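Residue numbering for the sequence shown is 19 to 333, as defined by this note's numbering.
Keep in mind that the hints were calculated from the coordinates and are not lab data.
Only a predicted model underlies this, so the values are computations on that prediction, with no experimental measurement involved.
From the three backbone atoms N, C-alpha and C, an ideal C-beta is built for every residue, glycine too.
Take these hints with a grain of salt, some might be off.
[Unchecked claim] What follows is a list of derived Cβ distance ranges for each label pair:
id	residue 1	residue 2	range
1	268	186	12 to 22 angstroms
2	99	26	39 to 49 angstroms
3	256	164	17 to 27 angstroms
4	256	74	49 to 59 angstroms
5	99	149	19 to 29 angstroms
6	251	280	31 to 41 angstroms
7	26	191	22 to 32 angstroms
8	279	103	48 to 58 angstroms
9	216	287	48 to 58 angstroms
10	62	33	14 to 24 angstroms
11	92	255	48 to 58 angstroms
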Amino acid sequence: MHTIFHDTRDLTPFREGYVRTPVRGLADGVNDVLSGVLSGRDHARLSVVGNVPRLRMLSSKTAKAMHEAVFSSTEPDRLLAFGRTYPGWAGLCHVMAGLLTYKHGGFLRASELLQRGLTTRIDDDASQFSATYLGQVVTKVEVAERIEVPVLFSEESVFLALSHCLREMGMTEAALEAVVTLPPSLPSALARCTAAYSLERHRDVVLWTEGLLNTDDLSAALLLIRARSQRARGDFESAQAALKEVLRRRKTNLALKNDALTDRALLALDQGRRTLTPRSRRPAPPAELETLEVIRKDAEMRRLWENDFRQLGGE
Numbered sequence: 019m020h021t022i023f024h025d026t027r028d029l030t031p032f033r034e035g036y037v038r039t040p041v042r043g044l045a046d047g048v049n050d051v052l053s054g055v056l057s058g059r060d061h062a063r064l065s066v067v068g069n070v071p072r073l074r075m076l077s078s079k080t081a082k083a084m085h086e087a088v089f090s091s092t093e094p095d096r097l098l099a100f101g102r103t104y105p106g107w108a109g110l111c112h113v114m115a116g117l118l119t120y121k122h123g124g125f126l127r128a129s130e131l132l133q134r135g136l137t138t139r140i141d142d143d144a145s146q147f148s149a150t151y152l153g154q155v156v157t158k159v160e161v162a163e164r165i166e167v168p169v170l171f172s173e174e175s176v177f178l179a180l181s182h183c184l185r186e187m188g189m190t191e192a193a194l195e196a197v198v199t200l201p202p203s204l205p206s207a208l209a210r211c212t213a214a215y216s217l218e219r220h221r222d223v224v225l226w227t228e229g230l231l232n233t234d235d236l237s238a239a240l241l242l243i244r245a246r247s248q249r250a251r252g253d254f255e256s257a258q259a260a261l262k263e264v265l266r267r268r269k270t271n272l273a274l275k276n277d278a279l280t281d282r283a284l285l286a287l288d289q290g291r292r293t294l295t296p297r298s299r300r301p302a303p304p305a306e307l308e309t310l311e312v313i314r315k316d317a318e319m320r321r322l323w324e325n326d327f328r329q330l331g332g333e
């Protein structure tokens, strides 16, 4: 059951994920602007790891034009125009235009472009260009609430970005379907469980995350989703165990620890307890007291009935 998050590959397209906070977002924005100024690249273009890959010698005119469109465009229109001119490259152009639009926050248009690109066949030249030059393109994808993961250009970067777009548009069922077929990994498991939790498929979330341990911030975020699904199912003890695992690791992100403490407080409220310690359990009332209470109520009702009967008899 743990294969949904257990990635056995030696090399993956994922870089280290992180928890997005207002301070982190501001710092990243300033860093992107400074990096763009120092490297001479506009931060509105597609991001790359390292330098932009150089064109190989004797590259075709089509490859040169596509290289310029991918790594110099700040708007998707140039890529879309290239795709109309060269139909065999249209699928790749729509995908890259979709990733560029996704980076700018245009979820509706990005989802349309990505879906169109995924359903359009590309010729061998476009496929060769993708394998040669696009491996350094990186996309920051939000796989769960406040959890972002940089992903190198691959099937996973495209489908995870599409899933996020669909979640933002309220199409949660489609968002779940978009990531079901992806290889096992923590980022894809987060996207999958986030959509399933929104659909109230709590049993699936619990099964998919069975055996999960807090090894990094991504697994801690996934444990939080697991605990919330267990709480929704009424399995309070298992939910408490999952939250305890989130808090166990010392280097767990502070925002995730705060979320775990908040969920523990809500869990205690659901159980009618002030804390989650064994002493705080509210004892059940003794059976003798319940019996005495019933007898007392019956005697009171009988006294009232007798008084009413005497009044009627006297009249």
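Quick rundown of the hints versus the structure:
As the Cβ distance of residue 268 to residue 186 is approximately 34 angstroms, the hint placing it in 12 to 22 angstroms is violated. Between residue 99 and residue 26 the CB atoms are about 42 angstroms apart, so this pair conforms to the stated range of 39 to 49 angstroms. Separation of residue 256 from residue 164 is about 24 angstroms and conforms to the stated range, judged on CB atoms against 17 to 27 angstroms. Taken as a hint, the range 49 to 59 angstroms holds for the pair residue 256 and residue 74, whose Cβ atoms sit roughly 55 angstroms apart.
Taken as a hint, the range 19 to 29 angstroms holds for the pair residue 99 and residue 149, whose Cβ atoms sit roughly 24 angstroms apart. A C-beta distance of roughly 19 angstroms is found between residue 251 and residue 280, which places it outside the suggested range of 31 to 41 angstroms. For the hinted restraint 22 to 32 angstroms between residue 26 and residue 191, the CB-CB distance of approximately 29 angstroms keeps it satisfied. Range check, residue 279 to residue 103: Cβ separation about 57 angstroms, and the 48 to 58 angstroms hint holds.
A hinted range of 48 to 58 angstroms for the beta carbons of residue 216 and residue 287 is inconsistent with their spacing of about 22 angstroms. Remark: the range hint 14 to 24 angstroms for residue 62 to residue 33 is upheld by a beta-carbon distance near 21 angstroms. The hinted window of 48 to 58 angstroms between residue 92 and residue 255 holds, with their beta carbons roughly 53 angstroms apart.
Hint compliance for this structure: hints 1, 6, 9 are broken, all remaining hints hold.
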